[in-house]
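Let the hints inform the model, and build the full structure from the sequences given.
For the sequence shown, the working numbering begins at 1 and goes up steadily by one.
If you are wondering where the hints come from, they were derived from the structure by calculation, not from laboratory data. Any given hint could be a false lead.
Here are the simulated distance ranges between beta carbons [claimed, not checked]:
1. A166 - S237: 22 to 30 Å
2. P198 - P20: 53 to 61 Å
3. R225 - A80: 39 to 47 Å
4. G30 - S290: 28 to 36 Å
5. Q169 - P115: 31 to 39 Å
6. D176 - D56: 42 to 50 Å
7. E307 - A80: 49 to 57 Å
8. S186 - P163: 16 to 24 Å
Don't be surprised by glycine CBs; every beta carbon is placed ideally from N, CA and C.
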Amino acid sequence: MFSILKRRPVPPRTTSARPPGRQWLVLQQGPNPSTDYCIRPRAEASGLPVSYRHIDADPPTADDLGPGTRVVIVRYLTPAWAQALHRHHAQLAGVVYFMDDELLNPAAWAELPKPYRQKLARYCQRMHPWIDVLATEYWGSTAALCEAHADRRMQLVPPLPLPEDAHVQPTPWTPDGPLWAFYHGSAAHRAEIEWLRPVVAEALAQNPRLHFEIIGDHEVNKLYRSLPRTRVLHPLSWPNYLSHCRSFRAHIGLVPLLPGPFNLGRSHTKVYDVQRLGARGVFADHACYSSNRPNVESMALLPMRQELWVQAIEQIGLGVSSSNRTAPA
Numbered sequence: 001m002f003s004i005l006k007r008r009p010v011p012p013r014t015t016s017a018r019p020p021g022r023q024w025l026v027l028q029q030g031p032n033p034s035t036d037y038c039i040r041p042r043a044e045a046s047g048l049p050v051s052y053r054h055i056d057a058d059p060p061t062a063d064d065l066g067p068g069t070r071v072v073i074v075r076y077l078t079p080a081w082a083q084a085l086h087r088h089h090a091q092l093a094g095v096v097y098f099m100d101d102e103l104l105n106p107a108a109w110a111e112l113p114k115p116y117r118q119k120l121a122r123y124c125q126r127m128h129p130w131i132d133v134l135a136t137e138y139w140g141s142t143a144a145l146c147e148a149h150a151d152r153r154m155q156l157v158p159p160l161p162l163p164e165d166a167h168v169q170p171t172p173w174t175p176d177g178p179l180w181a182f183y184h185g186s187a188a189h190r191a192e193i194e195w196l197r198p199v200v201a202e203a204l205a206q207n208p209r210l211h212f213e214i215i216g217d218h219e220v221n222k223l224y225r226s227l228p229r230t231r232v233l234h235p236l237s238w239p240n241y242l243s244h245c246r247s248f249r250a251h252i253g254l255v256p257l258l259p260g261p262f263n264l265g266r267s268h269t270k271v272y273d274v275q276r277l278g279a280r281g282v283f284a285d286h287a288c289y290s291s292n293r294p295n296v297e298s299m300a301l302l303p304m305r306q307e308l309w310v311q312a313i314e315q316i317g318l319g320v321s322s323s324n325r326t327a328p329a
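In structure tokens form, the structure reads like this:
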């Protein structure tokens with residue numbers, strides 16, 4: 001399968017002009033937030049038919065890559081799809097490579113967990129020569145990524161909120177009910193998960209009504225399971241995560257982000273994740289959040305100092321309880 005990786009990719013045949021677009025084909029590794037936040041809104045707004053293919057599960061067919069197909073590669077590429085794109089390249093309306101993290105610079109991956117680095121090596125680093133040969137356009141989710149890849153003339157395609165989240169209201173609180181805080185970081189945020197643990201421990205100790213939810217694997221479970229009133233969810237698929245969010249309401253969303261080359265390219269999708277749960281957010285004072293504050297009153301921007309985060313959780317908790325206090329009859 002990886003035989004094409006052993007030879008230098010040859011630029012595909014090109015024509016003087018691309019055929020007009022007739023349909024979109026989105027290549028993704030199953031349903032995912034990158035597609036839903038950044039690609040789906042643009043594809044569906046085009047008015048053209050849109051198809052989605054799983055790069056690992058769906059083998060390419062001639063119908064997928066017919067004349068006038070506009071292809072968007074969402075983050076990852078496989079040899080099978082690279083070969084098919086190369087073979088049909090001349091008749092395609094264009095091939096877009098989209099990235100919402102620093103996927104093409106392995107030097108930026110040092111702080112990431114080993115399994116995630118291995119995944120990026122397989123789907124991005126090994127396929128990098130083919131991506132550069134096949135792509136006619138590059139899209140990036142942040143200005144930082146576009147600046148880092150200025151030589152590729154990367155177009156800024158920022159994330160947009162999901163339509164179904166447009167009318168979420170702040171989560172109410174009753175005096176005898178729990179006050180829910182959460183952090184829904186992925187495995188790529190292992191450093192932030194470890195940084196947050198003493199913050200959560202102290203906040204739980206200070207407020208007996210505070211409860212906390214986090215998503216993580218067995219190692220995260222071992223790190224947090226000794227804390228009182230703490231729930232550790234096993235990692236969820238993107239559709240299952242959205243379903244969980246529809247049934248779970250929270251008051252405080254925690255979004256830490258440590259400095260590092262990979263985190264420089266982060267986008268502000270966590271703003272939407274916090275809003276989806278009706279929560280007020282405590283965010284790292286990072287450019288991706290400070291420049292995207294749709295509701296300033298619902299966001300606190302803090303430096304990554306643990307004592308300040310403990311204080312913010314307590315202050316937001318007091319504010320939630322006072323704003324939801326029932327007036328006397």
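Checked hints:
1. One distance hint, 22 to 30 Å for the beta-carbon pair A166 and S237, holds here, with the actual separation near 23 Å.
2. For the hinted restraint 53 to 61 Å between P198 and P20, the CB-CB distance of approximately 57 Å keeps it satisfied.
3. A hinted range of 39 to 47 Å holds for the C-beta pair R225 and A80, which are about 41 Å apart.
4. A hinted range of 28 to 36 Å for the beta carbons of G30 and S290 is consistent with their spacing of about 32 Å.
5. As the Cβ distance of Q169 to P115 is approximately 38 Å, the hint placing it in 31 to 39 Å holds.
6. Distance hint check: the CB atoms of D176 and D56 are about 48 Å apart, consistent with the given range 42 to 50 Å.
7. Between E307 and A80 the C-beta distance comes to about 51 Å, which sits within the given range of 49 to 57 Å.
8. For S186 and P163, the hinted distance range of 16 to 24 Å is satisfied, since their beta carbons lie about 23 Å from each other.
The structure meets every hint from the earlier list without exception.
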